[in-house]
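So the chains spell out like this:
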Amino acid sequence: MNEKPDKLIDKKGLRGDGRKADELRPVKLQVGVLPNADGSAYIEHGKNKILAGAFGPREMHPKHLAQADRMVLRCRYHMAPFSVPERKSPAPSRREVELSKVIKESLEPALFLELYPRTGVDVFVEVLQADGGTRCASITAAALAIADAGVPMRDLVVACAAGKVDDTVVVDLYDAEDKLGAADVPVAYMPNLNAVTLLQMDGILSPDEFEKAVNMAMEGCKKIYALQKEALKTKYMVVKEAEE
Amino acid sequence: MPTFFEKKQLVTPGELLAEGDYLPGENTFVENGKIYASRIGLVDSDNKKVNVVALRAFYVPKMGDIVIGTVVEVGFNGWTVDIKAPYSAMLRASDVLSRPFKPQNDELSAVLNTGDLIVAKIASYDRAHDPQLTVGEPGLGKITRGQILRVTPTKIPRIIGRKGSMISMIKQETNCQIILGLNGVILVTGKSLREEEVAIEAIRKIEEESHTSGLTDRITQLLKEKKQTPPKLEETPQ
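Note that the protein sequences, when read in sequence, are chains A and B.
If you want my numbering, it's the 1-based position in the first sequence plus 581.
If you want my numbering, it's the 1-based position in the second sequence plus 1.
Misleading hints may appear alongside valid ones.
[As the list claims (entries may be wrong)] Pairs of lysine to any residue residues, derived as SDA-like cross-links and limited to a Cα-Cα distance of at most 20 Å, are as follows:
no.: 1; chain 1: B; residue 1: LYS9; chain 2: A; residue 2: GLU811
no.: 2; chain 1: B; residue 1: LYS85; chain 2: A; residue 2: MET641
no.: 3; chain 1: A; residue 1: LYS816; chain 2: B; residue 2: LEU216
no.: 4; chain 1: A; residue 1: LYS644; chain 2: B; residue 2: ALA129
no.: 5; chain 1: B; residue 1: LYS63; chain 2: A; residue 2: LYS814
no.: 6; chain 1: A; residue 1: LYS814; chain 2: B; residue 2: ASN52
no.: 7; chain 1: A; residue 1: LYS816; chain 2: B; residue 2: ALA129
no.: 8; chain 1: A; residue 1: LYS816; chain 2: B; residue 2: LYS85
Simulated from the structure, these hints should not be mistaken for laboratory data.
With these hints in hand, go ahead and build the complete structure from the sequences.
Right under this line is the structure:
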């Protein structure tokens, strides 16, 4: 890692990668990239590159994990050994187990779990390249993969982070800001239902700053949501346009 | 009581469709009196009912449906059948054998073995129990010849067409027998390999372009073209 720079935000108010405080990194989304999965999605969020694949609903294996009254959602968040500058052991780490749980719980409110009892939906998230904010990008991709699998959903789930860097509240932190900044607030959100499904905070913020961060993250979510919808539609539009 | 869509518009999960005096139809749900889409698909409304025709979905068993499945396991008194649904189905031995079933006399794998394909009807299914199949009706039972293809289950009605117009056209033009399993598995049996392939190509085209307009005409054209161009190689009889 490089030495800590004196300032993460320069005199003009621009951040380390040239963005303004309320500017998102470029986001690219693609749906249906893995033919072997029931549903899949790929996201490039800044330098993050993440694949998500969804299966199901299908019979639960092992069987004792099935619930008699509802569907079970399982998530696996995994970082590829080459996703970070220093090789990461491919074995699931404490952090990955936690993120798997966090992703699962942020997606659950979007699904109609009671509709298909005794079944399970599996979501596999593979981080190919990480640059801060992978949990948010993973949630965005995983929600698309589930929708692509044809599982009914209340809304697509989008996630975006905000935080504090050099006493300024900024949106969509990248790796250096995440590590050296003062606080990080990831938010997962269902825009149409106006419901927050994940809200975490790492660091210290005043109540005012916290509120500002949450609002900024939600604004970011709305911008990504538009791209998410577009990506899902594009998969089917391509065929339509080719014919007409 | 406004609606927020145009006919045949492509919608994504969570999109607001209507408010007030409307009824939620397929692939929609109600929250705070508003109707939203729950799957990606095309919206449509008849009278007061708002429907979404899903572009991607899975098969959910329903009593009385004809399905095509694969035998995956031979058990003590029946077979486990994969019907491409969230639940695997059971076919009881006493249903297949017309006489009372005795485990000591009958070898079940001689009747149906793993890997065999069957056309069956769903005899019973509810939330608490896996679907039960039956083959005790004409037209049901083990598949001995033909080709199998899989489509998204929601496309089956499109392949059938209005009052069966699309499927009967394909059947007529290709001289094939086609059985549509409502679980999205289709059996095509024809007199020659070529006829089967033409039918499969037509069905694949319908699946891919199911949400476009003027499809019937394009399928008619496709079938006509294929009929005119004779096969290049002499076919070996099956």
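Now for the hints, and whether the structure bears them out:
1. As the CA atoms of LYS9(B) and GLU811(A) are separated by approximately 17 Å, the hinted pair is consistent with the 20 Å bound.
2. Restraint check: the Cα-Cα separation between LYS85(B) and MET641(A) comes to about 14 Å, which is no more than 20 Å; the hinted pair holds.
3. Distance hint between LYS816(A) and LEU216(B) is fulfilled; the C-alpha atoms sit about 19 Å from each other, no more than 20 Å.
4. With a C-alpha separation of about 15 Å, the suggested pairing of LYS644(A) with ALA129(B) holds against the 20 Å cut-off.
5. Only pairs whose Cα atoms come within 20 Å are accepted, and LYS63(B) paired with LYS814(A) is rejected, the gap being roughly 29 Å.
6. A distance of roughly 18 Å separates the Cα atoms of LYS814(A) and ASN52(B); the hinted pair therefore holds under the 20 Å criterion.
7. Between LYS816(A) and ALA129(B) the CA atoms are separated by roughly 36 Å; this puts the pair beyond 20 Å, and the hint is violated.
8. This hinted pair does not check out: LYS816(A) and LYS85(B) have alpha carbons roughly 23 Å apart, beyond 20 Å.
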